[in-house]
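**Q** Take the given structure of chain Y and dock chain H to it, following the hints.
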Amino acid sequence: MQILYFGWVRTRVGHGKEELSPPDDVGTVADLIDWLKGQGDGYAHAFENAAAIRAAVNQEIAPHDAEIADGDEVALFPPMTGG
Amino acid sequence: MIRVQDEDFDIGAEITRMTEGSTEIGGLASFVGLVRDYAGDEQISSMTLEHYPGMTEKQLERLESEARERWDLQDVLIIHRYGKLYPGDRIVLVITASPHRQASLESCHFLIDWLKTKAPFWKLEEKESGADWVDARETDSVAAGRWVRVSDT
Chain Y
1 MQILYFGWVR
11 TRVGHGKEEL
21 SPPDDVGTVA
31 DLIDWLKGQG
41 DGYAHAFENA
51 AAIRAAVNQE
61 IAPHDAEIAD
71 GDEVALFPPM
81 TGG
Chain H
1 MIRVQDEDFD
11 IGAEITRMTE
21 GSTEIGGLAS
31 FVGLVRDYAG
41 DEQISSMTLE
51 HYPGMTEKQL
61 ERLESEARER
71 WDLQDVLIIH
81 RYGKLYPGDR
91 IVLVITASPH
101 RQASLESCHF
111 LIDWLKTKAP
121 FWKLEEKESG
131 ADWVDARETD
141 SVAAGRWVRV
151 SDT
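For the record, the sequence lines run as chains Y and H. Per the numbering used here, numbering of the first sequence is gapless, rising by one per residue and ending at 83. Per the numbering used here, numbering of the second sequence is gapless, rising by one per residue and ending at 153.
Everything hinted at is true.
Derived pair list, reagent style PhoX-like, types lysine-lysine, alpha-carbon separation capped at 25 Å:
| hint | chain 1 | residue 1 | chain 2 | residue 2 |
| --- | --- | --- | --- | --- |
| 1 | H | K84 | H | K58 |
| 2 | Y | K17 | H | K58 |
| 3 | H | K118 | H | K58 |
| 4 | Y | K37 | Y | K17 |
| 5 | Y | K17 | H | K118 |
| 6 | H | K84 | H | K127 |
| 7 | H | K84 | H | K118 |
| 8 | Y | K17 | H | K84 |
The set of hints was computed from the structure by calculation and includes no laboratory data. The structure presented is a predicted model; accordingly, all values stated were derived computationally and were not measured.
Excised from the complex, chain Y in its bound form (with noise of 0.2 Å):
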């Protein structure tokens, strides 16, 4: 599964991009960030608060209930700031 950070998530991750298998438990959005949140302290610090993340699954806009699998591409990003 490739999954990319952005903004405030990207640099408490310390990257941008990477490819993950998480567990097969990890079936949805709200499941891989509490999976990520154990992977270490970058990863504690961008997901401690899980209701300030938001999601995109093969690059559409996702909630947290939304499922996943192997071979999305999942986005996890803080709300968007455009304009």
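**A** Only chain H this time, still in chain Y's reference frame:
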């Protein structure tokens, strides 16, 4: 048409391009977003815009389609820049063209409100105290929410 680019844009040239040979256009509305040199009471030396290549284009195209569906528009242009910008630099341009003013004015307002919350950009401000990511503002969510139609909820 949408464009995501690091280089600057020329508003006059874009308007000329849009209107040349199009005598059916009755009016254009435009909005240009600029980098301010302050945030609260702090000076800003630069602002770096990060975005999500691929998704950015999709989202901007979706916003253009939404505007064209809601209003009678003859043309739409959205240019959004990314990269390191400085106070006074142009960030974003929206131009809408319609036979009558109401459609262009309203759709331009709509597009800039939705760009704020639906375009995947994040802004890093460089200040004397260090670099800070710009937080999404509640007032922007409220402004975007005004355009949600009852039929969409």
